[in-house]
Amino acid sequence: MESLVRLKNVTVRYRSNGRRYLTAVSNVDLGVSPGEFVAVVGRSGCGKTTLLKVVAGLIKPDEGEVAYSERFFNGSKKKIGVMFQSPLLLPWRNVLENILLPIEIIGEDPANYVERALILMERTGLRGFEYSYPWELSGGMQQRVALCRALIHRPQLLLLDEPFSSLDAITREEMWVLLESVFLYENYTTLLVTHDIREAVLLSDRVVVMSGKPGRVKTEVEIPFKRPRNISLQYSKEFNEYVAKIKSMLSE
Amino acid sequence: MGSSKDVKNVFSAVIVLLLTLAIWELSTYVVKIPRYVLPPPSSVIEATARYSNYLLENLLNTLAHAVAGLALAAVFSLLLSLLLAYSEVVREVVSPLVAGFNAIPRAALVPLLALWFGLGSLPRVLTSFLIAFYPILIPTLTAMVTVEKELWEMLVSFGASKKQILVKVAIPRSMPYFLSSLHMGLASALVGTVIAEMIASDRGLGYVILSSTSRLDTPLAFSCLTLLAFTAFSLSKILGVVEKRAVRWAYRVST
Ligand SMILES: Nc1ncnc2c1ncn2[C@@H]1O[C@H](COP(=O)(O)OP(=O)(O)OP(=O)(O)O)[C@@H](O)[C@H]1O
Ligand SMILES: [Mg+2]
Numbered sequence: 001m002e003s004l005v006r007l008k009n010v011t012v013r014y015r016s017n018g019r020r021y022l023t024a025v026s027n028v029d030l031g032v033s034p035g036e037f038v039a040v041v042g043r044s045g046c047g048k049t050t051l052l053k054v055v056a057g058l059i060k061p062d063e064g065e066v067a068y069s070e071r072f073f074n075g076s077k078k079k080i081g082v083m084f085q086s087p088l089l090l091p092w093r094n095v096l097e098n099i100l101l102p103i104e105i106i107g108e109d110p111a112n113y114v115e116r117a118l119i120l121m122e123r124t125g126l127r128g129f130e131y132s133y134p135w136e137l138s139g140g141m142q143q144r145v146a147l148c149r150a151l152i153h154r155p156q157l158l159l160l161d162e163p164f165s166s167l168d169a170i171t172r173e174e175m176w177v178l179l180e181s182v183f184l185y186e187n188y189t190t191l192l193v194t195h196d197i198r199e200a201v202l203l204s205d206r207v208v209v210m211s212g213k214p215g216r217v218k219t220e221v222e223i224p225f226k227r228p229r230n231i232s233l234q235y236s237k238e239f240n241e242y243v244a245k246i247k248s249m250l251s252e
Numbered sequence: 001m002g003s004s005k006d007v008k009n010v011f012s013a014v015i016v017l018l019l020t021l022a023i024w025e026l027s028t029y030v031v032k033i034p035r036y037v038l039p040p041p042s043s044v045i046e047a048t049a050r051y052s053n054y055l056l057e058n059l060l061n062t063l064a065h066a067v068a069g070l071a072l073a074a075v076f077s078l079l080l081s082l083l084l085a086y087s088e089v090v091r092e093v094v095s096p097l098v099a100g101f102n103a104i105p106r107a108a109l110v111p112l113l114a115l116w117f118g119l120g121s122l123p124r125v126l127t128s129f130l131i132a133f134y135p136i137l138i139p140t141l142t143a144m145v146t147v148e149k150e151l152w153e154m155l156v157s158f159g160a161s162k163k164q165i166l167v168k169v170a171i172p173r174s175m176p177y178f179l180s181s182l183h184m185g186l187a188s189a190l191v192g193t194v195i196a197e198m199i200a201s202d203r204g205l206g207y208v209i210l211s212s213t214s215r216l217d218t219p220l221a222f223s224c225l226t227l228l229a230f231t232a233f234s235l236s237k238i239l240g241v242v243e244k245r246a247v248r249w250a251y252r253v254s255t
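Residue numbers (the working numbering), protein chains in the order written: chain B, 1 to 252; chain D, 1 to 255.
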């Protein structure tokens, strides 16, 4: 199948302190098919965020190229939804206005998306907080607002960079369930960067394992579990075998 | 936030003020300082009462010019910081020029301004503008150009243009800084107007200070200073109220 986005032999170097070059990722090939959920795992500093930024078009690779499928990204503006470790909400906007921000950016009328925003808020358990301000919400709620904002414009590609790492274990599991259900409802093509192996195995169709210094793709592991996946899947033997397998690859 | 604490604070401030005035009053009698060197508070109050109409007229005159200068400085700083925030090239060329200009003692420009524009209002408004714009420009511009990198990247991922980032994020985030810099701007604008009045005007409190001290009428000069301080204080308070209302979010105040 044609990839939605494909990294071909991508190398990225950072110029640190002016002179020295640091190769953050080296010769990475990675394709994401339409509707696929791909997770990238690797140790801290192995270049996961760098890879995500290359996909988002924020960093131009020093070598290699990024190919976006014409078929899926027709129209002038690529529609990408992003969510990072911190919620990055604008404190002068209330929750609803924060969620509608991407609509304003792509130049459509926010009024036409209020209903969708409310549906997303309903699904993420945020109803009733439309007119609250970000600082009035808990960290978990702020992350849910960020998820709604990432989804509001129906992006063709959803990019998540350790979106749940600042949350407590219970809230994090809630967010997994949420993401799984959102993924099923609207079938987003998703690229998730994480160092939580359980998160990667539970949510993705394929786990890309990276090794560090410089960052390379070590292996890829297909995760065959059927959807909808339940949170209790993580207690099954098979699940834990996948987790153990990936963990041993990482610590090699 | 407790209002009883506020009342307590105001109360202690008033006590300290009254005490200072009392000591000042007494010491001028005890030490026998001549009135034209350091007038006792009572004589300042007396002068204020005697010249009340004259003082009010000149105070309003000074105030009108300072506020005009401040308004000009606020609009100019906002527009300039937008331009400088938008274009890095322009910023690199213009910033040193602006900083260099700010290093010129603006008082030295007053005779020139008077030469060009006469003794009317214009030199006074311009002087206060020239002194007031820099303290407004710098915080506003800094707030506009320090949008967090992660936030910037998120917006670009969503497809935002530079102009959109400026409008949606840089400008709103700079508003608390802009509004609070108006306090400094206000004080500077008053200084500017008074200086211009002392050098090239026949009106305003600056002029009254100059003419009264030349007649050794020091109580009147002190009266002018007190009025200026009181005016600046009150205007700053009003500004503070407007500020807290306009950018509630910056103080994380729920409605
Ligand atoms: N802007 C930058 N300038 C210079 N070096 C950078 C920059 N960003 C990242 N690096 C370096 O590139 C390497 C990869 O960084 P990256 O942020 O992609 O790692 P990561 O896998 O996302 O790590 P983590 O799991 O801790 O978030 C690191 O060694 C880092 O020091
Ligand atoms: Mg990272």
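Worth flagging that the hints you see were computed from the coordinates, not collected in a lab.
Don't take each hint at face value.
[What the hints assert, rightly or not] What the simulated footprint calls covered on chain D by chain B, stretch by stretch (three residues with Cβ under 8 Å from a Cβ of chain B suffice, anywhere in the stretch; the number is not a length):
1) 15 to 27
2) 150 to 162
3) 168 to 177
[As the list claims (entries may be wrong)] No farther apart than 25 Å at their CA atoms in a straight line, the calculated lysine-lysine pairs in the DSS-like style are these:
4) D:168 to D:5
5) D:8 to D:163
6) B:213 to B:60
7) D:162 to B:60
8) B:237 to B:226
9) B:247 to B:213
10) B:237 to B:247
11) B:213 to B:245
12) D:8 to D:237
13) D:244 to D:168
14) D:32 to D:8
15) D:149 to B:79
16) B:79 to D:168
17) B:79 to D:8
18) B:237 to B:213
19) B:213 to B:226
20) D:163 to B:60
21) B:60 to B:8
22) B:79 to D:162
23) D:237 to D:5
24) D:149 to B:60
These numbers come from a predicted model, not from an experiment.
From the three backbone atoms N, C-alpha and C, an ideal C-beta is built for every residue, glycine too.
Next item on the list: Hint by hint, work out which the structure violates, then give me just those numbers in ascending order.
Entry: Hints 1, 4, 5, 14, 17, 18 and 19 are the ones this structure does not satisfy, whereas the remaining hints hold.
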